[in-house]
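Visitor: Read off the chains here:
Protein chains: 2
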Amino acid sequence: MLSPYLMVSSSSSSSSSSTTHFRARIRETDRQSAAVAAHTTHLPPSGVSALSLCHHRLSTDSTPAASSRHGRRLYPIMAVLHYTLDFKLRAPADVSATVRGLQSIFQEQEMTENVHDSEGHGYLATFVGKNGRFAILRMHSHGLVTFDLQCLDGDDVAQVDNLLNALEKKLKALLDGNIQRIKRLPALIRGSDVDRYWPTADGRLMEYDIDEVVYEKDSAYQNIKILHSRQFGNMLILNGDVNLAESDLPYTQAIMGSGKEHYAGKEVLILGGGDGGILHEAILVQDCVPVLKKFAEQGRTFDYVINDLTAVPISTAPEEDSTWEFLRLILDLSIRVLRPGGKYFTQGNCVNLTDALSEYEKLLGRLSCKVDFSKEVVCVPSYMELWVFYTIWKK
Amino acid sequence: MLSPYLMVSSSSSSSSSSTTHFRARIRETDRQSAAVAAHTTHLPPSGVSALSLCHHRLSTDSTPAASSRHGRRLYPIMAVLHYTLDFKLRAPADVSATVRGLQSIFQEQEMTENVHDSEGHGYLATFVGKNGRFAILRMHSHGLVTFDLQCLDGDDVAQVDNLLNALEKKLKALLDGNIQRIKRLPALIRGSDVDRYWPTADGRLMEYDIDEVVYEKDSAYQNIKILHSRQFGNMLILNGDVNLAESDLPYTQAIMGSGKEHYAGKEVLILGGGDGGILHEAILVQDCVPVLKKFAEQGRTFDYVINDLTAVPISTAPEEDSTWEFLRLILDLSIRVLRPGGKYFTQGNCVNLTDALSEYEKLLGRLSCKVDFSKEVVCVPSYMELWVFYTIWKK
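Respectively, the protein sequence lines represent chains S and X.
Each residue of the first sequence is one higher than the last, beginning at 1 in our numbering.
Each residue of the second sequence is one higher than the last, beginning at 1001 in our numbering.
Read the hints as simulated data drawn from the structure, not as lab findings.
Here the structure is a predicted model, which means the values were calculated and not measured.
Honestly, I wouldn't trust all of these hints.
Quick list of in silico lysine-lysine cross-link-like pairs, DSS-like style, CA-CA up to 27 Å [stated by the list, open to error]:
id, chain 1, residue 1, chain 2, residue 2
1, X, Lys1362, X, Lys1395
2, S, Lys362, S, Lys293
3, X, Lys1183, S, Lys217
4, S, Lys170, X, Lys1217
5, X, Lys1169, S, Lys217
6, S, Lys169, S, Lys130
7, X, Lys1172, S, Lys217
8, X, Lys1375, X, Lys1362
9, S, Lys183, S, Lys170
10, S, Lys362, S, Lys394
11, S, Lys169, X, Lys1217
12, X, Lys1370, X, Lys1266
13, S, Lys266, S, Lys294
14, S, Lys260, S, Lys395
15, X, Lys1183, X, Lys1170
16, S, Lys375, S, Lys394
17, S, Lys172, X, Lys1217
18, X, Lys1183, X, Lys1169
19, X, Lys1294, X, Lys1370
20, X, Lys1170, S, Lys217
21, X, Lys1260, X, Lys1395
22, S, Lys293, S, Lys266
23, S, Lys260, X, Lys1260
24, X, Lys1183, S, Lys183
25, X, Lys1294, X, Lys1394
26, X, Lys1293, X, Lys1394
27, S, Lys260, S, Lys375
28, S, Lys183, X, Lys1217
29, S, Lys370, S, Lys294
30, X, Lys1362, X, Lys1293
This is chain S alone, in the form it adopts within the complex (with noise of 0.2 Å):
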């Protein structure tokens, strides 16, 4: 959730910074928790082409990330790193002769070894060694050998690198002709100052070039996060979720119709757009639904309605159900005060996740306003996933 208020702001008409807002990527909200954050304004002629001017680089001046920031630190202080090194195998392996084969590696690194009864689960080993080294070696049954090394950080590299290579070669003459695949992966590093790891929306593992963090606090409503991606900037994160970076202008884009959108002269309404404090002339006032029923009750009506706040979350789940009914208020209250042949425009979900977004399609059948939609797929930098963005409007 992005903002626990409304912001409203003097029209504008010239200002470029107005147009400007990002993603609410929100995978759980809470009808308490949530507020919403409401800004009417006048697009500029130019509404598109204006965006190139204002994606703004998150660390200002103004905001209390340039005040925090401290030095860069290309990696993890008194971190884990830890190293895995996998055989698939066609057939189960010799382990009587696999083990005594690799003997001599764990004896040169000064390791010492102890066999666990693995209660009917093939060979399992650990291995202790110097520098806080420890290892674990299986041989599945099923065929399939996993190596583990957990070192410190600031372990001498190539001792470390040795010792895997030594393996990996040794286990290549061991096994010769079983071998389906030899997987080597990327150190995970745990527990180092700069978390690099931040999951998709549907649940994958995903490195980010992240080398500082650049500001974090708990507010009243959620965990803040500004990390610095070396390739995508000023990253935003709330409670653990990516919701926007600098490169992240493909974004802004889809939520405006990408530029297929005549905005000028258009009377706008957009809900949140308030992460990273773009709109320069903002003010805080209020929860925005009690301003979005007045709107209604007054037969106030936009051109564009955009929600850049909640959109799909990410579980269906029963107890999720405030979320949903929450969002078919919003959703209720948006269309609404749009005009006939008018826009709503608004952000979806991770491509992937095919039934939270069906229940969402199911909910716009459920308006008490007949409505439509199109779609869109578009590939958001930071995201490393395809994000869905939905185009609604009266029937």
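Since the structure of chain S is provided, determine the placement of chain X on it from the hints.
Guide: Structure of chain X alone, referenced to chain S:
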């Protein structure tokens, strides 16, 4: 490397498919195995707009992919799921109190404990449980608690979740007030039939949404895989390197000049462009270096040279000198066959590999003909990292 052969097609002024070619992101090339595919064609008048028509699926009936297609498996078989749960602390914790506090959890799970002598590097215990479960608990002396749990795929998910949840809850209580960060990553899937981990060019861990192995073969030159990604479609992976996917039209657009070129009636020399077997009228002939040399000797020139083959090798290590020399040869010949005012397009490398990119730019200053260049950073969906493309012209 895409193909060891040269492709020469009959000139085509109407086939939209002749304009389609994907990237060849090469990490390591070898002078011996490196060979070049070249394709000469006239592009249709609507060169760029034709692109969207010719973004072929890789798995058409004419490719080997289709015949080897098997039923989709959404999840791996006989793999090991490796869970991690880490607590980064503000200060070292009370080891004996924490270990005592966790004991009941491991007892309930009927896990056999084994405390290891860590040789002065904190507390280290391993636990063997039922169904092949194996856990590691480490309390590092600098204030980091790491927990690993390896389970066989097919194990009782609820029980595994319960163990992790119970442990997280208990550790939260035991370490209350001393916790800086809790990190529970998506489980690593190790040894599965469908390998989902394909690192970026700069060596970061990425989990793709691969759900099917469409095709796999070791050719005389490299390992070739076509894997299906739920969101990116079919992906071509050469020697473990993500080369292109069905989602990657932005790549093709970038290497053709991002829609700013008018190809009507122009002569275009395409180096590479063979992936996916897209050039319908291509005929395999021979190594392209001699052909480039012949063109250069004949004084034959082109309006555009598009090199979709090797670009910037990932490593600048001395042993790769031959690769750089090979690159220089291709570049030199390509610039020689470029008309004054003509343009040479190529892909570069991941935006983070600044050393390799600088090395390439230095190379541009050492060609026999003086050149100037510009670059563009492009988000290619399946790469999950930003990619640099070059435009080079004669000074």
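Visitor: All hints, please: hold or fail.
Guide: Status of each hint after checking the structure:
1. Lys1362/X - Lys1395/X: Since the Cα atoms of Lys1362/X and Lys1395/X sit roughly 16 Å apart, the hinted pair holds (cutoff 27 Å).
2. Lys362/S - Lys293/S: Holds, at roughly 23 Å.
3. Lys1183/X - Lys217/S: Given pair Lys1183/X, Lys217/S holds - Cα atoms ~17 Å apart, limit 27 Å.
4. Lys170/S - Lys1217/X: Given pair Lys170/S, Lys1217/X holds - Cα atoms ~24 Å apart, limit 27 Å.
5. Lys1169/X - Lys217/S: Roughly 22 Å separates the two Cα atoms, so the pair holds.
6. Lys169/S - Lys130/S: It holds: about 22 Å lies between the C-alpha atoms, which stays within 27 Å.
7. Lys1172/X - Lys217/S: holds (19 Å)
8. Lys1375/X - Lys1362/X: Cα-Cα ~14 Å, so holds.
9. Lys183/S - Lys170/S: holds (15 Å)
10. Lys362/S - Lys394/S: Holds, because 16 Å separates the two Cα atoms, which is no more than 27 Å.
11. Lys169/S - Lys1217/X: holds (22 Å)
12. Lys1370/X - Lys1266/X: holds (23 Å)
13. Lys266/S - Lys294/S: holds (20 Å)
14. Lys260/S - Lys395/S: holds (20 Å)
15. Lys1183/X - Lys1170/X: Roughly 15 Å between the alpha carbons, so the hint for Lys1183/X and Lys1170/X holds.
16. Lys375/S - Lys394/S: holds (15 Å)
17. Lys172/S - Lys1217/X: Since the Cα atoms of Lys172/S and Lys1217/X sit roughly 19 Å apart, the hinted pair holds (cutoff 27 Å).
18. Lys1183/X - Lys1169/X: Between Lys1183/X and Lys1169/X the Cα gap is close to 13 Å, so the pair holds against 27 Å.
19. Lys1294/X - Lys1370/X: With a Cα-Cα distance of about 21 Å, the restraint between Lys1294/X and Lys1370/X holds, given a limit of 27 Å.
20. Lys1170/X - Lys217/S: holds (24 Å)
21. Lys1260/X - Lys1395/X: holds (20 Å)
22. Lys293/S - Lys266/S: Within the cut-off at roughly 21 Å; holds.
23. Lys260/S - Lys1260/X: holds (19 Å)
24. Lys1183/X - Lys183/S: Since the Cα atoms of Lys1183/X and Lys183/S sit roughly 24 Å apart, the hinted pair holds (cutoff 27 Å).
25. Lys1294/X - Lys1394/X: holds (20 Å)
26. Lys1293/X - Lys1394/X: holds (18 Å)
27. Lys260/S - Lys375/S: Holds: Lys260/S and Lys375/S sit about 14 Å apart, inside 27 Å.
28. Lys183/S - Lys1217/X: Answer holds: Lys183/S to Lys1217/X is near 17 Å, not above 27 Å.
29. Lys370/S - Lys294/S: Satisfied, since the Cα-Cα distance of roughly 21 Å is no more than 27 Å.
30. Lys1362/X - Lys1293/X: holds (23 Å)
This entry satisfies every hint, going by the numbered hints stated previously.
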